[in-house]
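Student: Listed here are the chains, written in short residue letters.
Protein chains: 2
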Amino acid sequence: MTATRIPDTTQAELDTVLQRAADAAEAFGAQPPAARARQLVAAADALDAASSELVPLAMAESNLSEGRVELKRTTFQLRVFAEVLDDGSYLQATLDRADAAFPLGAKPDLRRILQPIGPVLVFAASNFPFAFSVAGGDTASALAAGCPVVLKGHPGHPRLSVRTGEIIVQSLAESGAPHGAFQVVLGFEVGTAALQDPRIKAAAFTGSVPAGRALFDIANSRPTPIPFFGELGSLNPVFVTPSAVHARGEEIAKGYVTSYSGNAGQLCTKPGLLFLPADHGLDELLAAESKAVAAHKLLNERLHEGYRGRRAAVTEVAGVRVLAEGSVDDGAVPTLLATDVDTLLANRQELLEEVFGPLSIVVTYSSGDEARRAAEAFEGNLTATLHAESDDTEFAATLVSRLRERAGRVLFNGWPTGVAVSPAMQHGGPYPAATDARFTSVGTASIDRFLRPVTYQNVPQDLLPEALRDENPWGIPQTIHEPK
Amino acid sequence: MTATRIPDTTQAELDTVLQRAADAAEAFGAQPPAARARQLVAAADALDAASSELVPLAMAESNLSEGRVELKRTTFQLRVFAEVLDDGSYLQATLDRADAAFPLGAKPDLRRILQPIGPVLVFAASNFPFAFSVAGGDTASALAAGCPVVLKGHPGHPRLSVRTGEIIVQSLAESGAPHGAFQVVLGFEVGTAALQDPRIKAAAFTGSVPAGRALFDIANSRPTPIPFFGELGSLNPVFVTPSAVHARGEEIAKGYVTSYSGNAGQLCTKPGLLFLPADHGLDELLAAESKAVAAHKLLNERLHEGYRGRRAAVTEVAGVRVLAEGSVDDGAVPTLLATDVDTLLANRQELLEEVFGPLSIVVTYSSGDEARRAAEAFEGNLTATLHAESDDTEFAATLVSRLRERAGRVLFNGWPTGVAVSPAMQHGGPYPAATDARFTSVGTASIDRFLRPVTYQNVPQDLLPEALRDENPWGIPQTIHEPK
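Going down the list, the protein sequences come from chains A and B. Count along the first sequence from 1, then add 190; that gives the number in the working numbering. Count along the second sequence from 1, then add 190; that gives the number in the working numbering.
Accuracy of the hints is not assured; some may be wrong.
Stated by the list, open to error - Each computed BS3-like pair below joins lysine-lysine, with the alpha-carbon atoms no more than 27 Å apart: (1) Lys262/A <-> Lys674/B; (2) Lys444/A <-> Lys487/A; (3) Lys444/B <-> Lys481/B; (4) Lys262/B <-> Lys481/B; (5) Lys674/A <-> Lys262/B; (6) Lys262/A <-> Lys487/A.
Calculated directly from the structure, the hints in this document are not laboratory data.
This is chain A alone, in the form it adopts within the complex:
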């Protein structure tokens, strides 16, 4: 497409943006949760109303199909957080009554609540032009928490970023949010400058390990360090037991190819490695399924070049066979490789590193013990999957115990792509899958990233936050501890 280049935000403009965010923080955070809920719903409604404009823009800038740009998921997320706010339990209001007879001496009245952490810097992702970008999950959860958001748009979809931002800004303003509650900036330099600015109190990022680690290091080396939530690279291994191959080999092969090649493999939950027993007999089917996938343009030229390089490096490892060569010309046709556990463990640096794009590796194991050793070789992952049958108890139990130490989500007889937005979702895992495995970037628990507790001791009712008052004017859940 041809388009006038959208200029980067200048440093002077960034300073204005950051000051507006800082100035908005108190008023935005002090609103009743129900008010912010209405603002999130207004933003969702405005985005849905603009779908005929936004979706084609997203498709053009990302090379993704209409079904995969996921505007619906994005507005669903905004509405889910409105429900979280209406529920109010996210505040974790805890009232701990005074107790003159407390064993260690009289205890005062203590009331604890989560309050917004302050302005949040969100780095948009390349691969989700809506759901992890301007109005995506990080933005939705930070706004829900009551934090002004400074959104650094991804260079891969600048026009969509600007237009989505305009819609969010307008809908928030019209629904009563303070000026500065949400702002979009563009440009690499302003992103890192904003991360170092004392007015920014937390940051969220979705992207590669090198870029995420560099930003993590900046966040931690500030005079006043801030929480940095990076969702980085993940291999998402899938283990299949011999019984499962026997019972469902064909179904597993087809499901795997669909999962690793979907979206041209440009998903953080793409299964990068499939562990099969040595005698699985699925090579032909896996190859045929992979070859049947249509070419798909990658998100942008930079990613295309990165994929080309990683694909060549992995393919060249001695002991790695090609099942389906695929291509990297004019879009990408999936590449499927094969090797064994010994080769994998001898070439960790090349093979145990994410390939962002439609490439995956089938790894054969010769025994349950070898599969376990392979599982133990992994660093942190977002997901780990096991395909097993009901007679696989010991094999399955051993693998689950190894995989849960190395992943944020453990799946059974399914595929890791497709992440439900729900209260029990965990999208995050040990490093490098995430920079902080204690938090999630998908699901309602993601709001926890942008809140911090404050305790009020013997504070009179009229000076307490509404959520901690005895009369509970917001009608939120309060956990009350009475003296024993």
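Please build the complex by placing chain B on the supplied structure of chain A, with the hints as guidance.
Tutor: Below, chain B alone, put in the same frame as chain A:
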């Protein structure tokens, strides 16, 4: 006292300790919470039974009085965490049922639980030989979470560290904890070496800003960074309104001197600054109360030297007056200084930095607006306190809104020293009070530091952790979300 010097742990010994901790992690974490609860109670019982041996040892090594070494609080904490385990809600078990009619497409069965993060390194504090040391709050909360603990003893009380460690190790072993669940190491070098070791998955520290920041930087610059919970320095400002001086000036003056001079000012919650209206008229009383406090030896010679230097530097600032000179010879008699807001704001580097020891500064303000400006000058604090009367609504509301942005606990008409161990306590605040304001090192919520969530997707009952099974064999609280 004379004592044979206890040698530091060697690097070879440390390696054995770390391997034992790593080897113990799975079995220790997999125990039912009730089993770990019994182990914590056994440890508490064993410490209480040894009090006639331990308390004199603590007093001799710390120069603290019998009431201040706080063995009772320490064993109370261990028992509180046994209650947390018996309750089980700390696991945050969330069951999110499969939903074929979910708006974004069929949703699988998702179950989320918190699991132990792995071996935890705890750095003991100088000023609490029991409650923040070998068997202190960090140890209690990490063990409760199911994490093996490697405890780096403080050089200020080596004999107590070793003896307390022996008692904990024995009581845990006798009550069924795996070998390696708890171990003590000694020495500066092994502390930093352990922090860099991949077998350590999180660390907790209580101490000074420079030491804590150095360790925080090590934790974050590891190839695989880990959560580091530093509880560092805090000024704990106290603001008093004119009405409060009028109504309770004498009581406030006496309470303040007791609070800042108690334990020779060697508490992280010591009020370092008292803001009074310019015409408060309490100088004489404040001086007399301070002079009436008996000399108290500081914890150790290194702290004594540090205090001597900081006291001299602060006293020499132009515009700072001496109300009570105190002394730093053969123990310390409290030093009380006075200045005004202008001088404070013009000398932030000297005056807005913690003085660890029995020194505090009375700061006079000339208007409510000036008091507010002073409040806004603070970085992060553990606590901030307001003394006000019921007619001070506007002054009080303004100050509370400023103080809650800069503290983890906001107190009204009280003193920050004395931290209750309770579900609503927050002991932590914005940097530098803590390296991560989202967590607390005191109270039952401190267990959250050593847990991370894992989600199980469509996992069969017999492969799920007990806490997530439908039959709920541990009988813990499960939050269940049914399809709408």
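Student: Quick one, are Lys444/B and Lys481/B close enough, alpha carbons at most 27 Å?
Tutor: Between Lys444/B and Lys481/B the Cα gap is close to 12 Å, so the pair holds against 27 Å.
Student: Is Lys674/A close enough to Lys262/B, meaning Cα to Cα at most 27 Å?
Tutor: Given pair Lys674/A, Lys262/B holds - Cα atoms ~19 Å apart, limit 27 Å.
Student: Verify the proposed pairing of Lys262/B with Lys481/B, using a straight-line Cα cut of 27 Å.
Tutor: Not satisfied, since the Cα-Cα distance of roughly 31 Å exceeds 27 Å.
Student: Given the proposed pairing of Lys262/A with Lys674/B, does the C-alpha separation stay at or below 27 Å?
Tutor: At roughly 19 Å apart (the allowed maximum being 27 Å), Lys674/B and Lys262/A satisfy the hint.
Student: Just to be careful, I want the Cα atoms of Lys444/A and Lys487/A compared with a cutoff of 27 Å; is the pair within it?
Tutor: Holds, at roughly 22 Å.
Student: CA of Lys262/A to CA of Lys487/A, is that 27 Å or under?
Tutor: At roughly 23 Å apart (the allowed maximum being 27 Å), Lys487/A and Lys262/A satisfy the hint.
Violated hint for the displayed structure: number 4, the only one.
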